[in-house]
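Q: Sequence:
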Amino acid sequence: MSLPASLSEPAEPPCGTAAPDQQTAVDKALVLLKSLAEEDREIGVSELARRAGLTKSTAFRLLGILRRNDLVERVGSNYRLGTQLIDIGNRVCGPTPMLLQERLLPYLADLYELTHETVHLAVLRGTEIVYVNKIHGHRAARSPSRIGARLPAYCTGVGKALLAFDHDATEAAVAAGLSARTEYTLTDPGSFRADLGRIRQDGIAYDRQEAVLGLTCVAVPILGPAGRPVAALSVAGADHRFDPARFAPALRRVAYAATRVVTAAKARHSAPSGLDGLPAA
3 MSLPASLSEP AEPPCGTAAP DQQTAVDKAL VLLKSLAEED REIGVSELAR
53 RAGLTKSTAF RLLGILRRND LVERVGSNYR LGTQLIDIGN RVCGPTPMLL
103 QERLLPYLAD LYELTHETVH LAVLRGTEIV YVNKIHGHRA ARSPSRIGAR
153 LPAYCTGVGK ALLAFDHDAT EAAVAAGLSA RTEYTLTDPG SFRADLGRIR
203 QDGIAYDRQE AVLGLTCVAV PILGPAGRPV AALSVAGADH RFDPARFAPA
253 LRRVAYAATR VVTAAKARHS APSGLDGLPA A
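Per my numbering, the very first residue in the sequence shown carries number 3; after that it's consecutive.
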C-alpha cells in the first residue's frame, strides 16, 4: 500500500532545476562558487551577486561563511576560490592526478623551459580531460584550462592524444555526440576517427581552435606499459602567432623521458591497482 502523498518523502528535484525562490542557502553558496570557478581572476561581490542572481547583501553574507571555511579567499575587495576547495577538488579526482602532478611536474617544467609558452598536464576521466597542472607563459592566451577544470576530450589536444590510445573512451565520446564548440571542431565521427588514427601514427595531436576560438595547441601522450595512456602534455598559444608544429620536437623529447620514468616505475611494482595510483596496464 502506498503512503499518502503528505507522508511520503518528496522526490528530489533534478540537479540545477530549483527555481530562484526555492533556492536554499546551500544552493546560493554553490552558485557563487561556480561563478568563481568560471574565471582565472578575482571577482568583486557586486559582479558575483549579479551572476548568481542574488542581492549584494546575500552574496556578501554567504561569501563570509565560505571564507570562514577556507572555501573562498578575499583579495582586497574581490574574491577567489580558497585553498580548501581546491584540495577538495583534487581529492574528488582521486589519487592518480595528484600523484601524477607530483611525479611529472619536473617534465612539465622542462617543457616550459624549452618553449616559454603555456604548458599543461592532463589526464582522461571517462570522455573528459582533467587538467592536473599548468604553467603560464608570458604571452598566455585566454583559455578555459585551469587546474582541476574539465573539458570534453574530443576537442582538445590533450584529449585527442589520450583518446587515440583508448578505444573504449573514443567510442564513448562518439556515442555521446561530437557537438561543435567552434566552427573548427571535428563533429563527423569518420573524420574524428581518422584524426585519431593519424595521432596514433605520428604521436602528435593538434587542437586548431577546436575547443576555443583563437587558441591552438599541440599535445603528446605519456604512455605506460602496453601502450596505455597515462597522461598527456601540451603547449598552447594564441592562434594568430602560435605555430604548434614548431614545438612538436620538444614535446616528443619530454614525453619520451616522462614515459620512460612511468614505465620503469611500473616495472618495479606489480600491484594490480598500479604504482602509486598510476593506472594499471
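Hints listed in this document are in silico derivations from the structure and should not be mistaken for laboratory results.
Ideal Cβ placement from N, Cα and C applies to all residues, glycine included.
Where hints are given, some of them may not hold.
[To be verified] Label pairs and their in silico Cβ distance ranges:
hint	residue 1	residue 2	range
1	LEU107	HIS140	17 to 27 Å
2	ARG248	ALA182	26 to 36 Å
3	GLU115	THR85	36 to 46 Å
Q: Please go over all the hints and tell whether each is borne out by the structure.
A: For each hint, the structure was consulted:
no.: 1; hint: LEU107 <-> HIS140: 17 to 27 Å; verdict: holds, 20 Å
no.: 2; hint: ARG248 <-> ALA182: 26 to 36 Å; verdict: holds, 28 Å
no.: 3; hint: GLU115 <-> THR85: 36 to 46 Å; verdict: violated, 27 Å
Hint compliance for this structure: hint 3 alone is broken.
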